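Going down the list, the sequences are from chains A and B.
Residue 1 is where the first sequence starts when you use this note's numbering, and the numbers rise one by one after that.
Residue 1 is where the second sequence starts when you use this note's numbering, and the numbers rise one by one after that.
No wet-lab data here; the hints were simulated from the structure.
Treat the hints with caution; some may be incorrect.
Said to hold, decoys possible - Okay, the calculated bits of chain B under chain A, using three or more residues with CB under 8 Å as the criterion:
(1) 126 to 139
(2) 145 to 158
As the list claims (entries may be wrong) - With a straight-line Cα cutoff of 30 Å, these simulated DSS-like cross-link-like pairs (lysine-lysine) come out:
(3) Lys214/A with Lys206/B
(4) Lys214/A with Lys259/B
(5) Lys320/A with Lys224/A
(6) Lys123/B with Lys15/B
(7) Lys186/A with Lys15/B
(8) Lys36/B with Lys142/A
(9) Lys186/A with Lys172/B
(10) Lys259/B with Lys289/A
(11) Lys218/B with Lys144/A
(12) Lys289/A with Lys241/B
(13) Lys261/A with Lys259/B
(14) Lys259/B with Lys224/A
(15) Lys142/A with Lys241/B
(16) Lys172/B with Lys15/B
(17) Lys289/A with Lys36/B
(18) Lys144/A with Lys36/B
(19) Lys224/A with Lys241/B
(20) Lys241/B with Lys214/A
(21) Lys186/A with Lys123/B
(22) Lys259/B with Lys320/A
(23) Lys65/B with Lys186/A
(24) Lys261/A with Lys241/B
Nothing here was measured: the structure is a model prediction, and the numbers come from that model.
Think of the CB as a built atom: it goes at the ideal place given N, C-alpha and C, for glycine as much as any other residue.
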Amino acid sequence: MILVIAEQRGGTLNRASWEAIAAAQALAGGMPIKVAVLGDSTGGLGQELARSDVAEVLVAEHPALAAYTPDAFTMAVQSIVTTTSPAFVVLAHTYQARDFAPMLAARLRTTLVSDVVGLHGTGADATFTRPMFQGKLVATVKAKTAGPCIVTFQIGSFRADAVRTGGSATVTRLEVTIDASAIRQKPEAPFQEAKQAVDLSQAERIVAVGRGIKSQEHLPLAQKLAAAMGAEVAASRPICDNGWLPMERQVGSSGQTVAPKLYVALGISGAIQHLVGMKGSRTIVAINKDRDAPIFEVADYGIVGDLFEIVPALINELEKK
Amino acid sequence: MPPWFVFREQSHPMKIAVCIKQVPTREWQPRLNEAKTWIREQDAAFEMNEPDAYALEEALRLREKHSGEVVVCSAGPARVQQVLREALARGADRAVHVEDDRLAAADASFTAEALAAAMAEEKFDLVLTGLQSDDQGHAQTGVILAERLGIPHSTIVMEVQVEPQASALRIKRELEGGWFQWIAMPLPSLLTIQSGINQLRYATLKGIMAAKKKEIRKVALPSGISPALEIVSLALPTRSKQTRLIEGAPGQASQELVKRLREEARAL
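Make the full structure from the sequences, and use the hints.
Structure, rendered in structure tokens:
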């Protein structure tokens, strides 16, 4: 049996939960799938999830699950695992899963295979592919431990619209055991730092810079290219970490997800955290000195070379009429 | 914020551990071993895992504020002494090195068990790690370590406020899509630190000289721990898209690219 843990906040399912169900369906190889949704009150989410072709939807409601904490969620999922004895526990690789899934694996003395992007085989014979070395290599891995294998799937590795629907899943309420006195984190309400002045998700074109830009003094080069293309300027995480551009200009798993008509990546190597934020772009151009940079895996057009030579030539070309 | 949680500027020494890993440099070009199950280590140059460098910096800043001790811990083969020395040169007080060749390619669980065995007796007030490593990138070691040390954790931390006397911690955690959250936690706790939380310092010559006299305590790998994950194979990624590589001198390549973006992709 495969247990999928769906993620919700305020009664809305995280879209990535559907991707996790699609991944579980690809992994199943005849095994039944059960989807669990957790919260203090989950409203109609059980019925919503029952649209997918799975054996059963489990609704686990408990007052201690009102606000997410790793301690409460680990206890709750551990309790569901004990009740259902799955071969696999499948989750989307969200920040929430990253926070509690390793703790769950440690408690169960089993293995978490994290950040999975692909599958070979099904059921007990399955092996998983995941990036390593910042995406420079892809590893095929499998758990060496007995007991439930926990797997988190990277966002976008399976498509939400690939979920087989039309099943006749029953929705069952499940009692979970949570010792509220063992919850050590006291969370406050989530907040946004500042009103986002730039909505990169609405940009038609984006020129994004990465470490290859080398220093803040070189940013005007990218800004000039953006102006010539009618594009917004964005960046990968390290640029914003250095304070060269504000955080609101960051594209990737910790920043914005964008899908413009044109995405030009200047000196961005293409770590998975960046790729998940921009690989849906219609046309991707990569300019990078390293032919083996992972950005070229998603690029439609590429120029291998020195961006400090190529970008001025490109600006020159665009300004010609 | 709960009413009991009051910040006082008062010195109360803290014992802080930072777990650091040594990983191949960013410039490293991947080459695989014969069996294609790991990299050819003899070809690789190594450096401190960048997220761990931010964790170290945060620990040094907390020590400056509250006084106390920063201990860097690493589980790896003999080569990881290089990053331990570097951390000592940046200002850490001493180091713990769990040394074994099997730790070079170890999974997160194996590494965490190795660290936990060496760190448990130290009774740290706070343990910091980077949020993930730039090599295997499981993003699990810190969380598993917390569980093995029997302390709570929080991940992807962007700000740390400590009230050592109250054994209390208030941290800002990054959520997805530009959202954040403050969380109150007790001490001891383990935090995985997000890159960019602070501005890194680099070792001074004085620091490098001082590091030579600082202690690196070597610990053998405890018995009874075993790998949780097997790397069946490693490979270069296959291209999901056919990238049209445009060649030629910058001027010529630019002309070709703009033409294709206008006429073929209709993106300009």
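Hint check: Lys123/B vs Lys15/B, CA-CA at most 30 Å. Holds or violated? Status holds; Cα separation ~8 Å.
With a cut-off of 30 Å on the C-alpha distance, tell me whether Lys36/B and Lys142/A pass. holds, 15 Å
Regarding the pair Lys172/B and Lys15/B, is the alpha-carbon distance no greater than 30 Å? holds, 21 Å
Can the restraint linking Lys224/A and Lys241/B be considered satisfied, given a maximum Cα separation of 30 Å? Holds - the C-alpha atoms of Lys241/B and Lys224/A are around 29 Å apart, at most 30 Å.
Does Lys259/B pair with Lys320/A here, judged by a C-alpha cut-off of 30 Å? Answer holds: Lys259/B to Lys320/A is near 12 Å, not above 30 Å.
Within 30 Å, alpha carbon to alpha carbon, are Lys142/A and Lys241/B? holds, 27 Å
For the pair supplied as a hint, Lys186/A and Lys15/B, confirm whether the alpha-carbon distance does not exceed 30 Å. This hinted pair holds, its Cα atoms lying about 23 Å apart.
Under the criterion that the straight-line Cα-Cα distance not exceed 30 Å, is the pair Lys289/A, Lys241/B satisfied? OK: Lys289/A and Lys241/B at ~19 Å, within 30 Å.
Within 30 Å, alpha carbon to alpha carbon, are Lys259/B and Lys224/A? holds, 19 Å
Given the hint that Lys261/A pairs with Lys241/B, test it: the Cα-Cα distance must not exceed 30 Å. The given pair, whose Cα atoms are some 16 Å apart, holds under the 30 Å limit.
Coverage of the region 126 to 139 of chain B by chain A, judged on three or more residues with CB within 8 Å: holds (count 6)
Is the Cα-Cα distance between Lys218/B and Lys144/A 30 Å or less? Holds, because 28 Å separates the two Cα atoms, which is no more than 30 Å.
Violated hints are absent here; each numbered hint is respected by the structure.
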